[in-house]
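*Asks:* Take the sequences, apply the hints, and build the full model.
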Amino acid sequence: GNSVTQMEGPVTLSEEAFLTINCTYTATGYPSLFWYVQYPGEGLQLLLKATKADDKGSNKGFEATYRKETTSFHLEKGSVQVSDSAVYFCALRGSNYQLIWGAGTKLIIKP
Amino acid sequence: KAGVTQTPRYLIKTRGQQVTLSCSPISGHRSVSWYQQTPGQGLQFLFEYFSETQRNKGNFPGRFSGRQFSNSRSEMNVSTLELGDSALYLCASSLGDRSSTNEKLFFGSGTQLSVL
Chain U
64 GNSVTQMEGP VTLSEEAFLT INCTYTATGY PSLFWYVQYP GEGLQLLLKA TKADDKGSNK
124 GFEATYRKET TSFHLEKGSV QVSDSAVYFC ALRGSNYQLI WGAGTKLIIK P
Chain P
104 KAGVTQTPRY LIKTRGQQVT LSCSPISGHR SVSWYQQTPG QGLQFLFEYF SETQRNKGNF
164 PGRFSGRQFS NSRSEMNVST LELGDSALYL CASSLGDRSS TNEKLFFGSG TQLSVL
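Residue numbers (this note's numbering), protein chains in the order written: chain U, 64 to 174; chain P, 104 to 219.
Everything labelled a hint here was simulated from the structure, so no lab data went into it. Incorrect hints may have been included.
[Unchecked claim] Taking lysine-lysine and the DSSO-like style, the derived pairs with C-alpha atoms no more than 27 angstroms apart in a straight line are:
no.	chain 1	residue 1	chain 2	residue 2
1	P	207	U	131
2	U	115	U	140
3	P	207	U	169
4	U	119	P	160
5	P	116	U	115
6	U	140	P	160
7	U	115	P	207
[As the list claims (entries may be wrong)] Cβ-to-Cβ under 7 angstroms is the rule here; a few derived chain P residues that face chain U:
no.	residue
8	113
9	143
10	145
11	204
12	205
13	207
14	211
15	212
Note that beta-carbon positions come from the ideal geometry of N, C-alpha and C, so glycine has one too.
*Replies:* Written out as structure tokens, the structure reads:
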């Protein structure tokens, strides 16, 4: 079945550091890939998405590229801010339309 | 436009009781899906309702059930509560368009259920 694996956290960085959160997936066919973010005390929000191979999703300075050859969708940001502290979830949706989630990565940004 | 509203925000129940959670989707959205979030298991899909019909179902026991009303509001029910049912229950709404798999979901803030 479909599955998503993302790096364990917490990830602790200083402000303005470069961020990478790894995400790899297993799926049949061509799923859509997503990054959702959960700020403390809030529900999940879509951060970015990509639909097909080599698509790049981007939002709020975050980027992720759909890599079919490596089955990956790593999240990157060039310069993180304290306000980026949150839990980040990688997810996929395949032909059965169920969202399959990674375990989540807690990001802590220190000033 | 109002967002997805879940009530109540917090619930405390004891083992063996039953509980009903409510979710009001964004106006115009016809699909409501439910997820269970726990520290150990992460986020798991429970079920999805579209136009009052269950359209998709995850791997949860029959104690977990739901329904959707004609105004798209949805309720989730858990009967015979167990300690392991303690979790944050999230609902999400969307238009329910299945022409692609990349439709955005809009999430509520969740109901935190504690089973004692």
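*Asks:* Against which earlier hints does the structure fall short, listed by number upward?
*Replies:* 4, 5, 6, 8 and 9
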